[in-house]
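Here's the letter readout for the chains.
There are 4 protein chains.
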Amino acid sequence: MTQNIAILGASGYTGAELIRLIANHPSMNIKALGGNSKAGQPLASVFPHLRHLDLPDLVTMEEIDFSGIDLCFCALPHKTSQEVISKLPKTLKIVDLSADFRLRDPQAYADWYGNPHAAVETQKEAVYGLTEFYREDIRAARLVAGTGCNAATGQFALRPLIAQGLIDLDDIILDLKCAVSGAGRALKENLLHAELSEGYHAYALGGTHRHLGEFDQEFSKIAGRPVHVQFTPHLVPANRGILATCYVKGDAQAIHNALQKAYADEPFIEVLPFGEAPSTRHIRGSNFCHVGVSGDRLEGRAIVVAALDNLTKGSSGQALQNANLMLGLPETDGLMMAPLFP
Amino acid sequence: MTQNIAILGASGYTGAELIRLIANHPSMNIKALGGNSKAGQPLASVFPHLRHLDLPDLVTMEEIDFSGIDLCFCALPHKTSQEVISKLPKTLKIVDLSADFRLRDPQAYADWYGNPHAAVETQKEAVYGLTEFYREDIRAARLVAGTGCNAATGQFALRPLIAQGLIDLDDIILDLKCAVSGAGRALKENLLHAELSEGYHAYALGGTHRHLGEFDQEFSKIAGRPVHVQFTPHLVPANRGILATCYVKGDAQAIHNALQKAYADEPFIEVLPFGEAPSTRHIRGSNFCHVGVSGDRLEGRAIVVAALDNLTKGSSGQALQNANLMLGLPETDGLMMAPLFP
Amino acid sequence: MTQNIAILGASGYTGAELIRLIANHPSMNIKALGGNSKAGQPLASVFPHLRHLDLPDLVTMEEIDFSGIDLCFCALPHKTSQEVISKLPKTLKIVDLSADFRLRDPQAYADWYGNPHAAVETQKEAVYGLTEFYREDIRAARLVAGTGCNAATGQFALRPLIAQGLIDLDDIILDLKCAVSGAGRALKENLLHAELSEGYHAYALGGTHRHLGEFDQEFSKIAGRPVHVQFTPHLVPANRGILATCYVKGDAQAIHNALQKAYADEPFIEVLPFGEAPSTRHIRGSNFCHVGVSGDRLEGRAIVVAALDNLTKGSSGQALQNANLMLGLPETDGLMMAPLFP
Amino acid sequence: MTQNIAILGASGYTGAELIRLIANHPSMNIKALGGNSKAGQPLASVFPHLRHLDLPDLVTMEEIDFSGIDLCFCALPHKTSQEVISKLPKTLKIVDLSADFRLRDPQAYADWYGNPHAAVETQKEAVYGLTEFYREDIRAARLVAGTGCNAATGQFALRPLIAQGLIDLDDIILDLKCAVSGAGRALKENLLHAELSEGYHAYALGGTHRHLGEFDQEFSKIAGRPVHVQFTPHLVPANRGILATCYVKGDAQAIHNALQKAYADEPFIEVLPFGEAPSTRHIRGSNFCHVGVSGDRLEGRAIVVAALDNLTKGSSGQALQNANLMLGLPETDGLMMAPLFP
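Chains as they are written, first to last, in the working numbering: chain A, 95 to 436; chain B, 95 to 436; chain C, 95 to 436; chain D, 95 to 436.
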């Protein structure tokens, strides 16, 4: 049976990625594409790479009849999302790709985002969308909050280790290397090709990146005590990819074993042989996450590296994986494409 | 019914691209992967991006039992291919991706490639693999010769115009901008990232590129008289893509009409609205070819621009499209993935 | 004797490039940096790569005391430039990098730029800044109009050939491949790294690019009859560089001889051995222009390729070269740095 | 007085970078260029970007008359360098850019490089070439050993902190992001543009990178006790640059103060305002090193980030700076060019 899908925020990168994936989904049909700033335009004029698809034109959210929609993806900017979602039919299944429903504690939300949450009731209902760890909750959920792309990468590397007490919880450092599409289609000087393409730098230094709110929430929950990691993102001249290099204290071999076991049955998480390091080029354009573990010459230290595509597994692929669960479809439908290399 | 597939030359880029595509094909099963220089290795160690697939290890050609194979792709280097293919079972269906069987005239082959052909009898049997123009021949063929990637791009832009006499046959200039994966995985100084990534240049100047042999053969055939175009390729710092800018003398509007008509029913060739220009970023990783036509301020001149992905529509995607025809499968099977952007 | 310099529009790329070059000039001293939108900021916050220099803060144009200035570079946007320059002291030496004073005919200006010129009197005074061909005029000029970067590249390839009647004047095609910094620091979607870095395309098709106004003016002047070339620019994923591939009808060897002779004494124009092709990577960051000539398999055709750095020889380097002449300094002062490779 | 210079290994990237810099040096003259594998060729055919320079052809080392040479740069591969240098005249001043003379302890050399040192006597004579910390020794030295590019970057970030006891010596983590030219002109699959340009990865995981030998030697020496850091390099798709993100335990403000003081009079080391992060794009092509310090939300932790150009300050620029000292010339001669941005 075909599932009817709406996408709000279809003119951004995560919106386009959803369409790319759904185009090959065996049982989803895109019924409506919302994009207020470009309403009235055919999608092909906004994203010429989707020109071959037979898709509805972009419309304003108000023009969409949600009565025939089975599931709605919200790929809207932060803050806009909570306002829009609180006005959608209460029975509509929703996968939100923004940051608005990731934090369960309204105070934590206000602290990290600088404003009180505008839809606290809806927030309570939301399930955190890290599929591999919230699968059953997601299956039953009406509203799923997609995780931050950095937050997903770090959690794939570390959750099983924290849960099993394999690493020192007070000394976890995540050094992330992020590709530029994670910043979205925003017009900023430092995202111009001429500025970005031949250099790289750290940003949000000192523990100020908002995805730390997710790390704190999730790692503290599974540890049963407060866990506060160090996390520094870097912007590198590539379009897709996140590479998380995690410096931890623990036994490297035990860590590798734990990760292998934890992900043995996961279709999208690949744990590499001990000592091998993942590369973003090997997951590009796919829903796979590669995880590698190495020891260090300093005893009792290990390095866990995780790589995923921020637009796919880190965002729209994860969203589709969750939507499959919410609609009772096979979890991997539309998601088994191989990475694009070279 | 599942079709059993062998790929020779699986450790090169076109081999990897075939595997990427076939991985999502509904009725093909890869039974053997030949790669003499890396025989004995699992494919994941040669192409870690294909790690999630359940594939046979690389073997030497001699180790492959072709009796259970329905179709074999040969993604071997030029010259090697003719030697290998002449030794394969005469009943085996073959799609060759090398240059070895593209030219029908053994003398033309010797002239362009600098050596006599080693399998003249087999050469006679080969059908030229430009699907959109040799569809019925390909359906009936045992051996199909994949076209050059540059040759395909230029022909999509120009064949209908030459066939219909819409342009001056003595003044056709093709200026091509080619991405680096077209050069294969060869270890050459000028293909190193440090050398290539921040510059671009023309090469094979003066009409020396071997794909001219194909242009001459095909354009002369459809024109019914000798046609010799000017063709200059340029290497640009991108991994996938060919952009052919074709300068012709003729009526731009008539040219646009002719192309629209010629490709109206083609699943993979998209003719853009008059005056719009294709971009390689909008066909990346897909089997689509975008074609655009513009007039010039100088009357009687037109510019036809065609864009495709050299590894997909220009090579492995074309090969799979042809294999589908040869095996009686739907032509678009495994090939409808959307381009990867950004 | 130190020459005091002001730069208006110092917060753009050509402004930054001027500062980079002047920083190593033996006898220039930057006294004022104008940048209205960022006035009040230290230059290091706008261009951190110039942090090591001891420079004045950015100010508004009104704040600059021009009485102590020997020469002013105007690196302002088109149209703004003519308004600003018409208000500057009439005795001030000026090198303008905008398009505002390149066309001598006010009607041609109005046709190409869509508005009447706001400073027709000043326009009359301006000397066209293609140093190698207007050297004596520039030496005596008060106001020099920097050429378009594309226009410079094409002229270096073709002027001697047109002047000497070596090529068919009615069939000249320029296919240009331009790097992205030529578009300036403007915030446009198609200049974002995520959009641009993995694709390339033609733009301004059909003879609509404004630099055609310069080609028409200059080529017609030296030919003594109207000359209208075909010119199509392409945007490629690199930051610096223009590569002009020029398709002409004429004797390739005679063309090569003429270019060698024409540029024999030029410090910045290098004519490569016959048959060699220049590459933008070999002039990056320098004031050099490389020119190559090849024949074609079609008799009577030749391909002339010219490469330069759009920000240096195509703009700020040319401007400094002209300023040196205007101030009676050695022409090559501050300009002999070698290209940056890799 | 002009100093006569020889460069051995002139056909590699560090050799080319030396020539680029010396081309603008006020008192150096290149008398001989050694490059055994390309002996007999003009340099312009190996490095066309240096075509405008009047340079001697490449010769074999045996062909060079060292009697008229004031100083010789050795930009040869590791291991080759020690063999060559041990045969050069004992009175010749030498700056070696290889790894061969960096480690003072022959056993440490053997451990890290896997073979006994072939020139132990010469090794004893060598001065470690980190100019800012060995200035007086270098001035008096006959043989200076250029540092590893990664080792230089990490030391600029950390030496003053270790020397002054400002950070926990047992918990220092260096996460480096390195550009590809650091790998040299070697023909390796993973350095091809098609492989590298759209991905990034960690390598030499687990404390196996040879530059650790330098960190151990230098940090232990200034600490007066063994110091063993964690160091993980990553290869990113850029040509020039090293960014070292150093995670340390100490007071961030005190760290910043110490670095500011330490580098207050250094011409090439710029300490950014507290909280600002350096970027490789802002030192590209220059001899500058930018250092930034940030605190973390976790008390007692700091992040020190250093950025430099691996080919300039990390290698050939450092070498020239040392040569200036050895020859009694101003230290900054030939090295004050501004970075190339964009």
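Don't read these hints as lab results, they were simulated from the structure.
Ideal Cβ placement from N, Cα and C applies to all residues, glycine included.
A hint or two may mislead.
[Claimed, not checked] Straight-line distance between alpha carbons at most 27 Å, and here's what the computed DSSO-like set of lysine-lysine pairs gives: (1) 343/B to 343/C; (2) 282/D to 173/B; (3) 132/C to 282/A.
[To be verified] A short, non-exhaustive set of chain A residues, derived as facing chain B with CB atoms under 10 Å: (4) 279; (5) 281; (6) 284; (7) 334.
- [ ] Identify whether the interface hint at residue 281/A stands, where standing means a beta carbon of chain B within less than 10 Å of its own.
- [x] 14 Å, violated
Task: Satisfaction of the residue 284/A interface hint, Cβ to chain B closer than 10 Å - done: 16 Å, violated
Open item on the list: Hinted pair, alpha-carbon criterion (27 Å max): residue 282/D, residue 173/B. Please report holds or violated.
Closed with: 24 Å, holds
Task: Holds or violated: residue 132/C to residue 282/A, with C-alpha atoms at most 27 Å apart - done: 15 Å, holds
Open item on the list: Let's test the interface hint: is any C-beta of chain B closer than 10 Å to that of residue 334/A?
Closed with: At about 7 Å, which falls below the 10 Å cut-off, the nearest Cβ of chain B leaves the hint on residue 334/A intact, so it holds.
Open item on the list: Checking one constraint from the list: CA of residue 343/B to CA of residue 343/C, max 27 Å. Satisfied?
Closed with: 15 Å, holds
Task: Evaluation of the interface hint that places residue 279/A against chain B, nearest CB under 10 Å - done: The hint holds - residue 279/A has a Cβ within 10 Å of chain B, the shortest such distance being about 8 Å.
Of the numbered hints stated above, those contradicted by the structure are hints 5 and 6, listed in ascending order.
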